[in-house]
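> Between the sequences and the hints, there should be enough to build the whole structure, so can you do that?
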Amino acid sequence: MATTTLHPAAPTYRGARGTLYEWVTTTDHKKIGIMYLINSFLFFFIGGLLALGVRLELAQPGLQFVTDQTYNELFTMHATFMIFLFIIPILAGFGNYVVPLQIGAPDMAFPRINALSLWMLPLAGILLLISFVTGGSAAAGWTSYSPLSQDRPLAATGSGQDLWIVGLVLIGTSSILGSVNFLVTIFKMRAPGMTLFRMPIMVWTVLVTMVLVLMATPVITSALIMLFIDRNYGGSFFDPANGGDAILYQNVFWFYSHPAVYVMILPAMGMISEILPVFSRKPLFGFKAFIFATAAIGALGFSVWAHHMFTTGAVYLPFFSLMTFLIAVPTGVKMFNWTFTLWRGQLMLKTPLLFALGFLTMFLIGGINGAFSASVPVDFAIHDTYWVVAHIHYVLFGGSVFGVMAGFYYWFPKMTGRMLNETLGRIQFVLMFIGFNLTFFPMHELGLSGMPRRIADYASNAAWNDLNVAATIGGFTIALSMLPFLWNIFVSLRSGPVAGDDPWEGNTLEWATSSPPPPYNFDHLPEIRSERPLFDQRHGQAAGH
Amino acid sequence: MATDSQALTTTTEHSPVGGLAHDSTGGISNPVLGMLLFITSEVMFFSGLFAAYFNVRANAAQWPPINPETGEQFHLAILPFVGPATVLLILSSFTCQFGVWAIRRGDRTLFLRNFAVTFVLGVTFLIMQGIDYALLASEGITLSAGTFGTTYFTLTGFHGAHVFGGVIMLAVVLYRGMAGQFSPRHHDAVEAASLYWHFVDVVWILLFSLLYLLPGK
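As they're listed, the protein sequences go chains A and B.
When you line the first sequence up against my numbering, it's residues 1 to 545, in that order.
When you line the second sequence up against my numbering, it's residues 546 to 762, in that order.
Hints are computed from structural coordinates only; laboratory data are not their basis.
Remember, it's a predicted structure, so these values are computed and weren't measured experimentally.
We treat Cβ as the ideally placed atom computed from N, Cα and C, and that holds for glycine.
Among the hints, a few may not be true.
[Unchecked claim] Rough simulated footprint, nothing fancy, chain B against chain A, three-plus residues with beta-carbon under 8 angstroms:
1. 178 to 187
2. 231 to 242
3. 245 to 257
[What the hints assert, rightly or not] Below, a sample of chain A positions facing chain B; criterion: calculated Cβ distance under 7 angstroms:
4. A109
5. L214
6. P218
7. V219
8. T221
9. S222
10. M226
11. L424
Printed below as a string of structure tokens:
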């Protein structure tokens, strides 16, 4: 009743507007984080359906289901949705939910800008979806290289390409505002005692990620704007006939898009680094080394963009090859961090750990097949073949998506107060793991035997048929693995076991508050003397320090 | 007790976050740090455009390139207004900073006067740029006039758009100031708007040097 005297209008105000109004207008970082996840999973499923279209067409030589033009739209929009509306936003969503909790803050630094960042994403998604019914979507690949993305005599690109540009500029603006928000939150709103080197690894990876977003995203915005001017106002930035330079687009595009690869993987690495210590009952091996490795990946990430352009003949090969190999060093450091965290730990093989192990093994393959492409002579042979498709999916699906799933199973109890079902989780993991490898492992062989990417049809005597059938079966297995996932969420939300504050015996501050946490998160905070304040609280501060 | 937590969600004004914008332990405030980071991203945005300019320029056999319409080199005379506009924009950075110093001392009148002058100078700059654009267009130099026109109008146009954004920020600060807001302790918006205005000014100085002073090849 004390509330009524403080806020007399509050109950009626809320009663009139209802829950939906409350969610749409919220500035609570936790609700915004959850809406980021919902929005991202929605586009994950749309992007997944487009990928199934691609796999269906490629199962057999010849054109069975779609035209060349539709096929181009399918793979272009598949990548666009997966990269810009699934992986990048869902990691920002986890960051939104987890970072303020882990640093003991009541909310993000700019809650209303946070809501703005969120709501720009569905708007951009709608713009991209509209393009399917207004004369065809963008079809020049997610890279939208000029002149493929320009109107040419034989292949007009239409309004879909313009909607694509506008949509991406919106998403970029959302990311930039988000990165400012995260950086100010992390620098200014840590709880007393939370020094930089006591910040959880997840917060560190988000910090480095957001520096990359802040510095790289505006550069792709400039590239997109130049492309827009070329397309619509007779500009000649990328038109060699008028003194422009087509390679210029590739340079500016990759100056963003290579750091963006680390934007897509670093927070997932952070999530794994939260999960592995908790489920092996050990601290993270080499905590500081991991932080420096993360910073090194971020810094080196700005000096490798031209390894996407080796075959253009317009870049200095030895430099970009060397820098690319160098990035394998801090990444290797992280593999050691993770492996030795598991070493002789008391492993609890719950679903989050399963997906984390999936990340570890699949990302290792993605790192190794990536190092092949860093070697200039090898790259000349495998450039634009299915090898590259295999590489990017081992990193972004085998890495990021497995990481996202691990994080989802890990933090779902905190977000909802309910546990997810272990059996369904394991079924999902097994289906996804098998489906993933069945889809993408054959692509290595396809690439080595010369199958180019982005083709709708291939010769029946090229000996690529069996492997393509395998990849298509794998693709549908991945789709199948989403059924136990969705069913699991549905059942758990209705009748899952109550999670309690700290179901996993976690190390970090989000487990010190209730599940789900109240508005503004904490009634009181435990003393912060290390990067594992909850471990200290459980076992006494002397333990391990 | 459920209503207790629910009531908290509905108001931003009474939230514990509100007080955190003004760091009691000293140091840079959240809005000012946020603005500095945002300016960092703006620097990278303009870097992309500048990189495009230098790339196109380096690839050209001669700069300014030949105008296919006339068969002569493009010629960018110092336009009637670009010089005065540059002087006014640099001057506005000073008036803006005088305004910031005034509000730090608590001199609200001087702060408002300086920001009003800054606002007027910003608007004047935009008007002058508009007239210059019209003059160039009448000479046939437009966005579609080869790489020369494309780079010139893209660079100056996006700078103009940023001046427009800065003018809106100044207007908001001015409006809030005239409504009685801001004090020596609480004037983050003034500091943030002035940082942005200085940034816009610095970009123009770079652009002016690049487009008007740097000799061709």
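> When the hints from earlier in the document are held up against this structure, which numbers fail?
Violated: hint 11 alone.
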